[in-house]
Amino acid sequence: MLGTIVNVAAIIIGSLLGFLIKGGIPKKVGDTVIQGLALSTMLIGILNAVEVNNLMLLIISMVIGSAIGEAIDIDRFLNNIGDMIEIKLKGRGGKVSQGFVTASLLFCVGAMAIVGSLNSGLKGDHSTLFSKSVLDFVFSLISASSLGIGVLLSSVSVFLYQGTITLLAESMKGFLIESVITDMSAIGGLLIMGISFNMLGMSKVKVANFLPAMFIPPVYQVILTLLGK
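The sequence shown runs 1205 to 1433 under the working numbering.
None of these hints come from the bench; they were simulated from the model.
Hints should not be assumed to be uniformly reliable.
When the alpha-carbon atoms are kept at most 30 Å apart in a straight line, the in silico DSSO-like pairs for lysine-lysine are as follows [said to hold, decoys possible]:
#: 1; residue 1: Lys1231; residue 2: Lys1408
#: 2; residue 1: Lys1232; residue 2: Lys1410
#: 3; residue 1: Lys1410; residue 2: Lys1231
#: 4; residue 1: Lys1408; residue 2: Lys1232
With the hints as extra help, turn the sequences into a complete structure.
Structure representation (structure tokens):
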């Protein structure tokens, strides 16, 4: 759990610093920096997506996962949490819902979050999560200055998400083969691209509703294993 703890600490510190200097960064500069981060995020998503191992499985996962996510409406659930917190704070936290959802998704669905958490749990290797912590610190610092305290609250999502993957990794050793991790990361790459589109204002993709797609590859591997294939 060390890697996840360091990652969460980096997000909290970055968010607090960003929230403290809120208004200290000119809007024009902040907007441009966010756009730069969005473009960088898009590149990360593309690089992850092109490494797909089983393209057909990826497509099926996106179809099934999006159907499940839309039925549950994860996006609405996360937004409702942010809105509720914003009401409690009486507007003092800025765009809480937007910051919470955007940061939670960006910090959680990437390949580094998945692979880093798996390596942490399976091998005790925290180096990937340490590297991710540096990137998350920069993003939380910049984004919290414009999106407010919602970015800080996303640290809870990161702790629960990455911590759960790390703790479950040991018991799932037989199923989490390299091809499964690759396909999960590729799906995560597509979701990251969706986030970048939203950050650039190009569209409004309900990225959260695609999250179940990331868990279809391991389920598929479990089925294959049970069938002896």
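Task: Hints the structure fails to honour - done: none
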